[in-house]
Structure formats: structure tokens, C-alpha cells
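Chains as they are written, first to last, in our numbering: chain A, 44 to 357; chain B, 44 to 357; chain C, 44 to 357; chain D, 44 to 357; chain E, 44 to 357; chain F, 44 to 357.
Accuracy of the hints is not assured; some may be wrong.
Identical copies look the same in the list; a pair holds intra-copy or inter-copy alike.
[Unchecked claim] DSS-like, lysine-lysine: derived pairs with alpha carbons at most 30 Å apart: (1) LYS84 to LYS139; (2) LYS109 to LYS63; (3) LYS63 to LYS357; (4) LYS147 to LYS84; (5) LYS91 to LYS74; (6) LYS275 to LYS169; (7) LYS63 to LYS281; (8) LYS193 to LYS281; (9) LYS275 to LYS357; (10) LYS270 to LYS193; (11) LYS270 to LYS281; (12) LYS193 to LYS97; (13) LYS91 to LYS281; (14) LYS281 to LYS325; (15) LYS91 to LYS325.
By construction, these hints were calculated from the structure, which means they are not laboratory data. It should be emphasised that the depicted structure is a prediction, and the values quoted were computed from it without experimental measurement.
Number of protein chains: 6
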Amino acid sequence: MKYINELREGESVVEHYLCKSRQSLKSRNGKTYLSLKLQDKTGIVDAKVWDMNKDIQSFAENDFIKIDGSVTVFNNDLQVNVKRIRRSMEGEYDPKEYVPTTDKNMDQMFQQLLDYINTIESPYIKTLLEEIFLRHPLISKEFKYHSAAKSMHHSFLGGLVEHTLSVTQICEFMSGRYQFVDRDILIASAMLHDAGKIMELSDFPENDYTDDGQLLGHIFLGAELIKDTAAKINGFPKQLESLLKHCILSHHGELEYGSPKVPETIEAFILHCADNMDAKTKMIEEMLAADNTQGNWAGFSRMLQRNIRRSDYK
Amino acid sequence: MKYINELREGESVVEHYLCKSRQSLKSRNGKTYLSLKLQDKTGIVDAKVWDMNKDIQSFAENDFIKIDGSVTVFNNDLQVNVKRIRRSMEGEYDPKEYVPTTDKNMDQMFQQLLDYINTIESPYIKTLLEEIFLRHPLISKEFKYHSAAKSMHHSFLGGLVEHTLSVTQICEFMSGRYQFVDRDILIASAMLHDAGKIMELSDFPENDYTDDGQLLGHIFLGAELIKDTAAKINGFPKQLESLLKHCILSHHGELEYGSPKVPETIEAFILHCADNMDAKTKMIEEMLAADNTQGNWAGFSRMLQRNIRRSDYK
Amino acid sequence: MKYINELREGESVVEHYLCKSRQSLKSRNGKTYLSLKLQDKTGIVDAKVWDMNKDIQSFAENDFIKIDGSVTVFNNDLQVNVKRIRRSMEGEYDPKEYVPTTDKNMDQMFQQLLDYINTIESPYIKTLLEEIFLRHPLISKEFKYHSAAKSMHHSFLGGLVEHTLSVTQICEFMSGRYQFVDRDILIASAMLHDAGKIMELSDFPENDYTDDGQLLGHIFLGAELIKDTAAKINGFPKQLESLLKHCILSHHGELEYGSPKVPETIEAFILHCADNMDAKTKMIEEMLAADNTQGNWAGFSRMLQRNIRRSDYK
Amino acid sequence: MKYINELREGESVVEHYLCKSRQSLKSRNGKTYLSLKLQDKTGIVDAKVWDMNKDIQSFAENDFIKIDGSVTVFNNDLQVNVKRIRRSMEGEYDPKEYVPTTDKNMDQMFQQLLDYINTIESPYIKTLLEEIFLRHPLISKEFKYHSAAKSMHHSFLGGLVEHTLSVTQICEFMSGRYQFVDRDILIASAMLHDAGKIMELSDFPENDYTDDGQLLGHIFLGAELIKDTAAKINGFPKQLESLLKHCILSHHGELEYGSPKVPETIEAFILHCADNMDAKTKMIEEMLAADNTQGNWAGFSRMLQRNIRRSDYK
Amino acid sequence: MKYINELREGESVVEHYLCKSRQSLKSRNGKTYLSLKLQDKTGIVDAKVWDMNKDIQSFAENDFIKIDGSVTVFNNDLQVNVKRIRRSMEGEYDPKEYVPTTDKNMDQMFQQLLDYINTIESPYIKTLLEEIFLRHPLISKEFKYHSAAKSMHHSFLGGLVEHTLSVTQICEFMSGRYQFVDRDILIASAMLHDAGKIMELSDFPENDYTDDGQLLGHIFLGAELIKDTAAKINGFPKQLESLLKHCILSHHGELEYGSPKVPETIEAFILHCADNMDAKTKMIEEMLAADNTQGNWAGFSRMLQRNIRRSDYK
Amino acid sequence: MKYINELREGESVVEHYLCKSRQSLKSRNGKTYLSLKLQDKTGIVDAKVWDMNKDIQSFAENDFIKIDGSVTVFNNDLQVNVKRIRRSMEGEYDPKEYVPTTDKNMDQMFQQLLDYINTIESPYIKTLLEEIFLRHPLISKEFKYHSAAKSMHHSFLGGLVEHTLSVTQICEFMSGRYQFVDRDILIASAMLHDAGKIMELSDFPENDYTDDGQLLGHIFLGAELIKDTAAKINGFPKQLESLLKHCILSHHGELEYGSPKVPETIEAFILHCADNMDAKTKMIEEMLAADNTQGNWAGFSRMLQRNIRRSDYK
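Only chain A is shown next, with the shape it has when bound in the complex (with noise of 0.2 Å):
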């Protein structure tokens, strides 16, 4: 495959890429044309089609699209003259490709979540886990290749199954170090805690937010879940659907953070700590490993609001 961080002027280019973005523009003599951006996983180039013909077949932002074009140089930057194009088909492409992946193994990790389900005591909660992780019609099937975020931490393909297994192993090593704390709840509701973000956020490759996500979003979405969930499963205790619930709600920790209620539990006060913690422990890591520069400060978190130092020292 011919990546995009390896185009050079002046070449011709034949090849699958993702388009990002799509716009009809008017020339300023009057001429209908096409300005697009083409995505593969080293990077995006503009694009442009000049002559709207037959050989410019129809598609759509976040489609693949097969092109055909020449390299060229605008205002310093390479842009692509495209002169064909079409749908590119299921086969054609490697998604992997074209998105940033979790460089874990997803299948073994959504497996390694679903062991939880076995060491779960309540019945209920059991039942309410396996609806949902092994029969819901959307959940079972996306959870694995889901992404945890927009653009904050664990937003690529397999992050939301990565950053609910490291929450749910968290909370699993906190489950034993203080009284009172029902493991089964805290499991469970860390194993269900982002999974209103299948809902809130489209697929790869678009990645962005739904309409329920924008007006409701991924807590209140989830709280949902479990109640639907619970609906179905004869006998559910209403208090154990409220307190499962209250984990969900309260996740974020604080009002100003969207939650409506703050942890009163200390089940829910644990998941909203180790959420917190893995995710923002993983921007950080996010950001060393990114990091060339010299020298041990690899810049400003824009998320976290600092400098980001890795510790080496001499």
C-alpha cells in the first residue's frame, strides 16, 4: 500500500484511502469542484477534483474511495489531483489500515472481560452481564472495536474494550482492600460503565457524536441500559438496578463533569477513581510514547493543562 506520509510530488497515485471530509465548492469562474481530505493511518493529504465527470462516481464523507491522481504542490503542501474515483468495496481495504488500533490483541482482551462474568455471585447481575455483553444486538457485537473517546484518551480502534478491562482490573484489586464493598456491584458497573459510549459515539471510521449522544450522552445512556436490561430479567431487585445505576451516574465524580449525582456509594466512589485514574494515567502514557523531541519534557497536555516530564535522569 502506498501511504500518504510517503507521497512525493510530482508521482501518480492509484490507491484506497479513507475520505474524511468532502465539499462541493464553486471556482470563481463558476465551475463545481470537489475539495476532499484522504485519511490513512500515517497521516491525511487534500484532494482535489477539478472535472466533475462520469469517471467521479458517487460517495460519501467517511466512505473508503479507491482514487486515481497526481502528486502535486500548493501553497507548500502536497495536494492530490484526482481524476478518478469510486466506492472501494468490503475486501479491498484493511480498516486497520486507515485508523489508529490499540496495538493490543481486542479478542483476547474482550475475553478477558467477559472471564469477570463468571466470578460474579449475584445471579442477577450475572444474567444482566450476559445480556448484555454476550446478547444485546449493537453492544456485543461493537464493544470490542469501539473506541473510549472522541479525542481524549483511548480513542482508537479497541480502546473502549482496553480502557473498561484496566478499569474493571482496577476496581477488581480495590475490591479487597476495604469493608463493605460488594464486589459483584463493582465489578459489574465497571465492566458497564462507558458502555452508553457505543451509543454516544459513532463508529470508526467516523468517530463522532450521535445525535443521543450530543442530547443525552453516554451516562444517561447507559443508566438506560442496565434498566432495559433489568426489565427483562425476571425478579431483578429494584434496589440493585438503582444502585447499579447510581454507579453509572455518578462516574465522573462531580456535577461539573456531567454527572447528576456524585458517588454515594463506595462501590461508585471506587469506579469513579479507577476510571479517573486509568484514564488519565493512559494520556499521559499516551503522550510519552508519542514524544521524539530531545530532552525529558515531551511538551504540553493540552488535556491535562501541564507540561508532561518522562522521569530519566543521570
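Assemble chains B, C, D, E and F onto chain A, guided by the hints.
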């Protein structure tokens, strides 16, 4: 009826009161006695049962009880020494004598609210409102008697319907003043915005937060109510359901006031303003009505964090 | 008229525009040239005067000027090379073509506002309003044409009278809904609440903060206006003057929004709510009206710090 | 004089005191009695008038009264049973015995302040200061006796002149240290910055917020004073008036402290710093002076929200 | 031993108690008497010494004293009238009866903490920890007995070692979960993060802020401890010293919680999370353990500003 | 010298400049070139080295270099194409031509500061100041040349001594105005309050945060400096050391500005006020001095978040 603010030292009293608090204590010589707080709408008085015998029949907090006792003074405060207690029977007392109540007609206000249903054009929203206000087992029965708060504004019998009607009337007025307002959505969400309070706050005389009220809150409970009801209505549009739930979720206006989303539609924003305006103006009105000091200043409002002045001038 | 959004490369243009910005610069070879921004209601275009000769007559920022030039392209943006300039004379141009203007009838709105004066019962307040709206040299003349803001809501010709009328109508509606409201005080302070903006913001086309606007602000200037006017009215009650000034001073609702006092009377509080409600709902309405993107989301409002959605559904 | 902190159980007392509080109450047997708080500079004592007869002449809160009574103990606190009361006549008592007073010479401090007037170069500012400090009916008379606050700093007779002189001296010192400082504006606004307190706070012994104080505040009242006075001075420059008013309006430094504008000129900024520095350092000094505990820590300052330590060391 | 919660009116009592407070007062007839607060782990009782004679030997606050007195009732509260007092001698009393103490084994916890030292790879860090935990005159002796706070979490004998061990264990668990973590730095800073509390808080029974504690705080004192110790270790890398001090300085996570720097390294961030998580989860655990009310709600936590619920359900 | 703001297209230039930035980049055809930023006190210009040969000798960022090149225009900005580079030698250039410098006499200001040492009465404090200002290897040498900030106030050569002297003079003035002020402590902590900046910020021309500056900050570094120095002085009182360190630690006034303690002594509080007052008044002065626009408004200060006006009036 012998009201509590009419009791005088040395009198005997035989009357029905609401038992607002009931503690079993041990005196220094090891004997068990009861310490009660008796309430009617004129005030609260301490009472003691020093001798636990068969004349003291079983009862619980928030029961209405008939007592037989005598009025004494302890530490400069009146106290009733109680010799006989039994639970009151329905019909022996008029609940309105014991709890604060709206001075408006609750049936009439509820009917005015119901009248809005026929002004709704969307058959889906109309059915939704009918399901909730006419057929929901709890809400259809209790809406008109409920309070709107534990201790803020409209914290009296009928406060919920009074506040809801007022917010709906303001929203009706506003709906014609701006473009792009979907009147159906605005009126429906105004009518429903505090319906979750019926699940959040228990009935008078207790009028305290329920378990679900504390764990989940009326904002979430109200949105869940819409979901449950919409699920029963054939073909209820998903986006419409989300828009209505968004209005409920965002009606506190800001995350730090417990809304997991800020208002993003024009109806959600107007609803928030109308709710805020009615609730706080009512606080000022209640404060001015209760004020009987000399001068124009009615004292400090803890809820509004300011002194309040009536606008008299000479 | 040749509108700015209709200019095309290579055309000649002879037209009146508003000169929004005028800078005298020196080119690398030391020659002086002018860099202008020309505006009409359809947009803004850069213009250059490379040759300063007698055909370039004297003018200043915010003058209307007649230009003769040709349209070129520089750095992908249109630019007008100007050969001749003179100041436009009144009558040669229609100001409404150059600045955004309310789509409602300014005279009619102003008359509706004046009609409220006759509904006032207090002779003192009535005279005060007449002095200000009918006889104040600046306000009586400019109120109906002024904008309500530099860049927030109602920032167009006639915005002040449109916003003021709307707030007054909302206050009228609210005045009958609560006890203890002095309708005269509420209506008068609604009519006057933003009158200080006439001193705070200069007229269109400049529409920028004045020296006094920046040093003192419209809140103080509005309260000072009441003081000055009341001083001319025989026997005007001192406490009434203070109550009116309090409404003006407190109408932003909180100290951090520039009110030196929070609302302490019921009229001051209602005024604050009505002002806030109208201003922000108008922002949403303006955003939805300007939106021409596909889908229901109209983009991010910087002033409200949120995405805005129109309530369409299917 | 018999001071309140010298009263002993069983004594008779005939003395003039300040009546700080006066309530008419009804005893349990329905008889009316008076409950008073008597004050001198050494403390406060409760007093009761059980028998309302002709020996109890008419008086009001904040009157000085002559009482004849006997000292008893109730609930472990001293109480005076009063048999006779009449209003004290001027000359019978020395107000300084009843209210806290500066330990510096008020006349001398006021003269020092007046001496600054002759150092002003601008004839307009000089006249303005003379009008206010020498000829304003209220301010010229009361400035030297007023307190600077109800309960914060300098809350004693003469506190206003002491604080104002100190701020003026600091501003004088600062005025020579930076370029661009207009000394006249800085000195004048320092002298005037709290003049509005004379209208905001009533005189001792009441020393409470006036109606205007609560509705408008000393910041607005001070700016209004400048406006009124400048209006009487022929040719007073409008911009100079605005610059002086800006200094007054902004002297609390931040909107959330009640300034409707933040300091935007170098004089306004220096004034704010000097005011803040003198007020808070004085709070610390007052706290250290009042402290008579052992050890270096003088306790918690509620106003400064911290513990205060004297800097002794060994 | 006769515990304070077992005292009854009329009894004589001869027992050792901790004198938590000691005031010398003057009665109304001018006689001096002592007012004491006596404490053991079951509660606090007032005591008075009315007659100051040779049987009342000299003692100070926070001394253990042996008293001989009788139990009376004053104002409905028990009070001990004391006739004889002398200071207790070591061995006559068991300190654990007087102050709250961890229910875990302090020696064992301290040993577990020390065991971490041998897992450190860096010889510099290893020596640093040995110097502090094994050889520092104050810390090596008191660490295992100290409390972790005056009144927040772990405010009991042994609280410091319990909290420190827990934070270290969490950090150990986390150290293997993310890349770029220097385990030595993380473990060492976890062990040392609250060591400054030994200088900040005096020992039980006083357990109050020291002079240095108030002036400088445990965060600064802990960083200074590292500096002092590193200075004694030959060749201790300067950057390593800074990285360790950074972890201590930043462990409160945000400036407003008293950290002069926010965490900028991955170890500093993990330490902050682990500290916060353990401290607050412990508060919830302590609250649930102390709760003996009916129902699932354990009341309002002032420190966490929320109601706490145990996760029981039916 | 040929200043950067005098360069013109087409000229040759042979001159010494400060190399503020140096990046090695690869062109599209794979050739390596250098991209530089050259600085003198009049501005900054881009430079490119297209041909890396022996005429381009080795140098680093923040070196002074002698270049030989020609001035071209790229993308409307001047650019120097450089053919020869070598490091400049000391003596070939005058550093003051390259970095902003105080317009006051640095030697004289430093001497004025030193003169305060002889006014100190406490021999301990006197010795401490001598140790630091006369004998500390780094501070005694660099204090007079250092800047006081990276980009806030006094960010120029000599800024530290200018600011320190000014704060000390203000503190001297204040020390006589309030009781309980220990002048020695106040003067010493004023002289030392920003001494940590010498370790926090590297020298000009780099003038950037050091590793320790970012990890620990000048507040901690300054307190550590006092500790280190006091440790060398025989018998230095521990409490005095703590009082001085407290002044340094708390001089930012509030936790959220990076002070781990708020000022708790009168000296610490005065120091904080003097520091704040001088720093921010200097920002205004610098802004007014730099302003060359027409009119009285000098623009928006990002650091003070407000517009600044000079107090001219007519």
C-alpha cells in the same frame, strides 16, 4: 382543634397531632422513655413519654397519633408530658391541618394542566401526556397533591401542580415569541419537567428524599419516565423521544446544578429559564408573604443568599 | 447596488461601501499605501490603495466612501485595487444596505414601547419615562435605531428597541402572576434597563464601546440617567428613585456579570430573568436562522458555549 | 461610670446605657414585657422590664437611656431587672464610653487629609475636593467620626478617616514610583474612595446599612457623589469626571467583589491595591492587638479565612 | 477501668483520664476555679475543681491525670466535681484506652512497609529510604504510631502507617500497568508522601498542628526531608532528588489543595490518584463502620459533602 | 550594527545575531536543511541554510552566531538565505543589543538593595542576607542581571533586581505604618522573595524554565535556599527560619496561585501585597510605555485580562 401555638403551661391537652420524630432514649437511671416531636401546621412541640405502659400503643414516625397529656415548661420551652397515645384513624383528623398546603385549588390547577393536553397537535406527544397524567398509576393520582421540593420553593401540598402549571403557562407565553419553537415539545416538557419528583420525594407528611431520589434524582427519573411511556406507544419517533428527554435532563441549566447536559435546543433553554424564574420568584413571594417585621426589609434569604426588600416607598 | 458577495476576479467596481478599517502602511521599498476593509451587509473585502494621489480624497474609518477600483486575487482571497476614493454624501447610499438591521418595524416597535407609558399609574414614574423617551435629547432620538450589543445578541440596527420591547412584554406578563409586584416599577425598569447602552455603544456603523462605555459601563450610566431625570421632577420620591436605580444596577443578576448589587426586590429579580431569557433565547434563534448546514445541528455557539440543535425529528 | 463588665449579682444599678435592642414580648400568661440589650464599650447585658408603667418612659432602639434596676442571674447569665427608664439627654453621657473609637486623634487625621487638597494642581479637582470635604452638608460634618465598615476593618468611630488617610498616604508614596501616574487623580480618588460609606452606613451607635446602602451600595453612591459635585463646577472636564468615577467604581478590584468595572487606569489599579492592603493589614493588626491568649497563634480570622500568628520567635 | 460512658449521677470516681482541656476561670464572687475536659476513648466529660488547694497538684493540658471526684448533673449534663488531682505516672495507664487506635497491627504494617525497601533497585533510593525509615531520629521511631490527619481520614494511632502502606500497595499494583513508570521512584515517593506529617502534627494525645505544621505544611516539610537526606548520600543524582521532591510537592494534585506544582510525571500522577483514592475510600469505610442507624443511609459526610449509603439491597 | 528591523529584500547581510531556534528539516527531495530564527532586540527573522557544507560550522540554539547571507521574500515575509555561519566570540557582540534590558542602572540598583543589609538589626538575618547576596556562588553573581519572569512583568535583563528593590522599598515604607511588624523579617523576605527565580529561569538569552524550575518552582526553591543558608549559620533560631520560609512560601497570596500556604503573619501579608502591587502596576506601565496607537486606549492586556487606558483627558 387545639393548635400547638395555643398551648399554655399547666393545661391538659387531648388532641390528634402528627408525630414528626420518635426516639427511644435511656435516662440516667437506665429507664427507657420516648422523646417525640408533635407537629401541626402552626408549629412543633416536644413531648416525652416517661412511663411506657399499655396506654402507650404502638406507632411510628410520621403517624398521626391521638395523645392525652399535660403541658409543662422545661428549660424555658413548652413540653408535653404524655400519658396516653394511640394511632389516629383516617377521618379523625384533617391532614390539611398538619402540613402546609397551597392556598389555591389543587383540583382546579390540575384540570388547567390537563386542559393543555388537548392543545397538543402531535398525536404521539398527546398520547404520551395522557398516559402519564391520566393513566400512570402513581402520577395520575398523586401529582395534584405533591410538593415541589423538600425545603426550597413550593414545599407544600399542591406545590408541584402549582409550580408545573405556572411553568407551563410561562412556556405557553414564550412559545409564540420566538421562531423555531416547537410548541408541542415545549408544553409537554414543561408539564413533565418535575414529574420525577413524585418518585424523588415521598408524600406528605414525610416529604423526604426516597432511596431512588437520593441515588438517581428526579432529573434522571423524569427522563426514564418518558422512555418507559414512549416505549408503550406504537411508532413513537425515536428522535422525538430524545428531544423530550433532553429537555428534562437539561432543565437545571448547568452541569453544576445536576443537569448532565446543558440545554441545546430552544425549547430546552426556554424551559430552563421558565423553571428558574418561577421557582425563585416564588421564593421571594413566599418570603414577603411570611414577613411580619417592621420596615421594608424582610430579612435574609438563605436560599437566594441575599436580603429581600418589599418595594414600598413613601 | 453591487454587493460584496457578488464581486468576481477581473471585474471593475464603482460603488459606495462602508470603510470599516483604514491603515496606513509602508511597503518594503518605503512607499506608503493604504490597507482598507470595505463592508456592506453581505460581507467584507480587503482593498489596497497603492498610489496616494489627489484622486484619493481624505476620509476616515467608519466613513461611507465611493470607490473606483478593480477586483484581483491575492493569496486566494479577493482584493480590490482602488484608484479613486471620495467620501459618500448622505442620500447617495442607504445605511441599511451596510449594517445588519432588524427585520421588524423600528418605528412601530418604538411606538409599542411608548404605549406602555400611558399604562403607568404613578405620576412620578410616568413623567420620568416621558422625560427620557420623549424629551431626552439623545435617547428620544436614537433609541429606536440603536443596537443592543457589540457582538452578543440583538447586535443590529433596531436591536435595542426590539430587545427592550420584548423584555417589557415578558415583564408585563409576569407582573400579574405574583403577589407584591409593583407593576409600575417593573414596567419602567424594563423599559429603561438597557438605556445606558446608548451612551455605552456608539452608533452604527461604528457600534463600538465609547470612552464612558469602557470606563463606567451601561449599568452605571443607566442608573445615572434615572438620577439625572428624577432630579428634574418635582417631589420625585427618594425611595422610589432608589428602587428604580436598584433594578438597573442589579439586572445582570450576579456580581461577576457586572452588577454591583444582586436583585433584592421582586421587580429587580423578574427583570433580571426576563432580560436573560430574551437575550439568550434570541441568540439561539439567530443561530438557527443563520444556519444553512445539513442535518439538525447548527454548530457551536461561542457565546452560549454549546452546540445548538434545531428540534426537527422524523 | 458603672461599666457592664463590672456588674455583679445582687447589686443595684442606676446608669446610662445604649439600648442596642428592644423587643416587646408576651409572657405565657399573656402579659406584655420588654426584653432589652444594654451596651457600653465593655460589653452587652440582657435586661427585662416586667412591669410596664409610667416609670417606663418611651424610647427606641439605639437611644441612650437611663435605667434603674437590679442585677440578677438567669440561666447562668447576668440580667438586669429594670424598674425605671427614661431617655438620656445629650451631655449626660459621653458617646465614646459606648462605642468603639479609634485611639488616634480624629480632628488631626481629618486635618491631615484636608492638607492634601492644597497639593492638588488641577483647579477642577481641587474645587471638587473642597466642595465635598469642606462644604458638603453631610460629608464635611460626619467624615471624621464615621466608621469604615459594619464589622470588617476599621469598624469604629473615626475608622473612615483613619482608613482614608492611610490609603491616601500609600497612594502618595506610590504615585512617584511609576511613570504615567496622574498624581491629582490618584490622591483625589484615594480621598474619595469610601466617601459613599457615609450614605451606606448609618452613624454610630446604630452603624447599620441604610436603605440606600443596601439597594445601591457605597461604590455607586460614591460615584454619584462625584457626578453631583462636578455638575456644580463650571467647566469640569467630562473625561476627568469619568476617570474619577472609574477609580471609585473599580476600587474593589474584581467584579465579584462588587465593582461593576475592573481597574483600567494605572491610578485605579494603585488605588485598589492600596485600599486592599490597608484594609486587610489593619484586620491582622486588630486581631493581634485583641489577642491575649498564650503562644504565638492568635486564632482564626473569619474575615481572612486563616489562622494568624504573631512573628515572635526565640 | 471506669469508662466515661459508664459514669452515673451520684457515683464516686477515682480514675486516670486524659485532660484534654484546662481553663482557669473566675466565678461571679471572684473565686478562681478550674474547668476541665476529661477524655477516654469512650467519650468526654466536663469536670470542675471548685477548691484550689494542695490536693490539686500541678498539671497541664494533654497530661494524663488521676482524679478523685463525684458525679453530679448540671444543666442536664453529667459533670464531675473533682477534689483531688495528680499527674499520672507512665505505666499507671494504657494510652490506647484514651485515644482512637487502628485495629490493625502497627508493628506488622511498619514491617511490611520496610520490606518494600529491599525491592528497590536504585542504590541511591534504597539508601535514602533506609536513612529515613531506619535511622532518622524522629521518623524511624514515630512513623508506626502516628496519625495521618487531625480530623479527616486515618485520624487515629497508627493511621499514618496504615495509610502509607495502603498507598504503597496501590502504587505497586499500578506500577506494572503502564509504560514509562519508574517503579523505584513511585514506590519511594508513595512511602514518603506523608512523612512530613510527623513534623506537621504533634503526637497523640495532642494530635494538633505544630508551629511548623501551620507555617510550612507537611508537603513542604516532606520535600525538605528528602533534600536533607539526599544531601548526606554521596553522589545522589540531582535530577533524581528533584523528581522525588516533585512527587511529594504535587501529591495533592491541584494548586488549590496546597500543592505548589501539579503532577507532571507519570509517577507523580499515579501517586496523587492512589493517595486520593485510599484517603477518601477510607472515609467512606469509617463512616459505614461507625453507622448504627436503621436503614441503608449512614448520614451526611461533611468531609465528602454528600450522604453515604451502604449497598445493601433486598 | 545592522538591525533586523532594517533588513530589506535583496540586501546582503553579514552580522552577529542570536540564534533563538534551530531545526534540522528534510525537504521533499530528501535533502537536509536548517531552519533558524535569528533575533536581536528589534525583532526576529526566519533564516534557511539550504546547503550544509564546511562554511556552516557547528552551533546550537541560543548561541550567538555570525552569518553571511542574502535577504529574500517568501510568502510575504522576509527570509535570510544563509551561506556561512560560525559561532560568535565573546567581545564580538554586545549582549544588550540582543535581549531586552532594564533602562535603569543594574549595578546601582543592586547596591541599593545591598545597602538594606546594614539596616537589619538581627545578626542572624543580617548574616543570612550576606551569605546569599554576597557569597552565594550563583546568586551573588547573577542577581543583578536576571529577569524576573519569562513573559509576565520585568521580563528583561535586570528585571529581577529592579522588581526586588521596588518591593523592598514598598515594604520598608509599610513596615512603619502598622504595629507588630518585625521590620527585619519583612525586609529580608522582600529581598529574598524571588531569589528562587535564579534557579527557576535560565539566563538570557535563553530565559526559559529550567528542569528544577518546572518540577519544583521558584517558591519552593527560594524556601530551600533559606534553609540551606540558615543551616550554615551557627545558632540560627529555628522559629525565625520557619517565619522567613513562611513568607517565601506564601508570597503568591492564595493556594491557586501556587503558594502552598496563605500568609498567616503580618509580614507575609504585606510582602504579598507589595509584590502583587509592584508586579501588576509595572505591567500597566510597560503597556502604556509600549503603546503608540492613537487615542487614550492602549489595547487589551492578556495578563491582566482588561483594556488599559492612559489617564489623559481634555
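Hints versus structure:
1. LYS84 to LYS139: Within one copy only: 8 Å inside, 48 Å across.
2. LYS109 to LYS63: Close inside one copy (13 Å), not across copies (45 Å); limit 30 Å.
3. LYS63 to LYS357: between (44 Å within a copy, 27 Å between copies)
4. LYS147 to LYS84: within (17 Å within a copy, 52 Å between copies)
5. LYS91 to LYS74: both (13 Å within a copy, 28 Å between copies)
6. LYS275 to LYS169: For LYS275 and LYS169, both the intra-copy (13 Å) and inter-copy (28 Å) Cα distances are at most 30 Å.
7. LYS63 to LYS281: between (45 Å within a copy, 28 Å between copies)
8. LYS193 to LYS281: Only across copies: LYS193 and LYS281 sit 24 Å apart there, 34 Å inside one copy, limit 30 Å.
9. LYS275 to LYS357: So LYS275 and LYS357 pass the 30 Å test across copies only (18 Å; inside, 61 Å).
10. LYS270 to LYS193: both (26 Å within a copy, 27 Å between copies)
11. LYS270 to LYS281: both (10 Å within a copy, 17 Å between copies)
12. LYS193 to LYS97: Intra 36 Å, inter 49 Å, cutoff 30 Å: neither.
13. LYS91 to LYS281: Close neither inside one copy (58 Å) nor across copies (38 Å); limit 30 Å.
14. LYS281 to LYS325: between (36 Å within a copy, 28 Å between copies)
15. LYS91 to LYS325: This pair counts as neither: shortest intra-copy Cα distance 37 Å, inter-copy 39 Å.
Checked against the numbered hints above, the structure violates hints 12, 13, 15; every other hint is satisfied.
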